[in-house]
Amino acid sequence: MDKNLIIYNTLTRKKEVFEPLNPPFVGIYVCGPTVYSDVHLGNCRTFISFDLIYRYLLHLGYKVRYVRNITDAGHLEGDRDEGEDKFAKKAKLEQLEPMEIVQKYTLSFHEIMSIFNTLPPSIEPTAIGHISEQIEMIKEIIKNGYAYEKDGAVYFDVEKYSKAHPYGQLTNRKLEDLLEGTRDLSGQDEKKGRLDFALWIKSKPETLMKWPSPWGWGFPGWHIECSAMSTKYLGEQFDIHGGGMDLQATHHTNEIAQSQACSNTAPVKYWMHTNMLTVNGTRMSKSAGNGFLPGELFTGNHPLLERGYSPMVIRFFMAQSHYRSTLDFSNEALQGAEKGFYKLMKAGETLNKLTSAHESTVNIKELEENCYKAMNDDFNSPILVSHLFEAVRIINLVNDSKEMINLEDLERLKKLFKVFVFDILGLKDDLAKESSDLTGNLIDLILNLRLDAKKNKDFATSDKIRNHLTDMGVVIKDTKDGFEWEITN
RNA sequence: GGUCAGUUGGCCGAGUGGCUAGGCAGCGGUCUGCAAAACCGUUUACGGCGGUUCGAAUCCGCCACCGACCUCCA
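Take 8 as the starting number for the first sequence in our numbering and just add one per residue.
The hints are simulated quantities; they were obtained by calculation from the structure and are not laboratory data.
Pairs of lysine-lysine, DSSO-like flavour, derived with a Cα cap of 30 Å: (1) K421 <-> K360; (2) K350 <-> K372; (3) K350 <-> K409; (4) K425 <-> K435; (5) K276 <-> K146; (6) K421 <-> K353; (7) K217 <-> K239; (8) K425 <-> K484; (9) K217 <-> K111.
Fair warning: this is a prediction, and the values are worked out from it, not measured in the lab.
All chains, full assembly: derive it from the sequences and hints.
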């Protein structure tokens, strides 16, 4: 098997051969959700993308430690160390304790992730659970001279840091450009430099979520949690750090600076960023009113949705685009994906019924190589999907006796289908075919009566039965000397 | 204004300096009592204008449009 995995590294803006720091171990950290409201569908895309990456790394035989955090404290509105705490605001709004907010949305996040059939991460640390680690890291950064305390708050000194290390490398920006863009500091601001960001924020008397620190009561800044937790579980240097593209400029840039300032090493070898989700061409966002929640997408209960789409259809839809491209949601696109997905699932069923011949007229080995080639090229799932439809074509042709397959190839094809469709793409067949024995027996009985009618050329009766059953969601397919049926919806 | 992406056929979406991804939809056909499913065939697209090249949708430049982040505003 070709293990020549290539990953696009945001840091270098190039595709690079993936070489883990300590093979066969791979450490991967993905910025998780801030659990102050229902998980955004864009977040889901990021986590589904990294689920695919995680699954493929596992399939290649790596011993992967996948860390995805839960942000449950310290995330202020506007990401600029000012404004209200997201949890406190929501708590006030819903008349709950901040920790009730955290619990509520953590649970719903896990539920949605499980519905999308994502594997749970190896470790899912929370910011609140790692306050002391964050404090220790801040102390170290102060000791190294890259942070300063001011009236119970601690800020990172970006300008000083940038003299020793490149600061904006993740977005290819120079410090001067960044400085140019910021406005003058207002008089009461405690920051020395315009670009400085908070590592520790002093609490106000009314702040509910606060902890003691060497600088008094307060809470950690948003960026420090990821640096502290990734260091704790993956070490000062680890292989892959991922997240949405919107985190690249600020959050990840500051993460690099913090870790570098603390332990004097670049924390991450490969930075990976997933692209945004759009709806009818524009970015999905709450303010634009074009965002829907995962639940609304499943049920179709949203003005922009003609109807609901199953979680696996959505997962398949996402797999049909590359993680670094924007993906556009529209009813037309989703319905197209739905057709394709069930075609793929049906082929999987057909595959299990195929019989082998003495020789093969199809090339399964080549197909398999193509599948690996696609995934090895920066996890190119759309190309993989296109090859899987080649598999679908082969399956159907063999089923129609238009091609032949020998036992060895058939086993290879079955394995390929299972590995790529279910293990790697993380899909599962969700066709509603659970029916009681009674229902099944009744349908068989009715269809046998219809078969009799057909034999007597009583097509009026046979069509009447078929039409009625079709209306009830039972799809009938006549075969040479009998029938097949399945229940849809 | 700055930085970075992108603009592909009816829709969604890959990709590559020459060998026409794939899915959905459409059309024609095979099969079928008729259907459905499946299969076969079919519609040859790469924002505009220049340039490099034997050859560019693919490389370069300019322009237009769209998006993200920063800024602004909240």
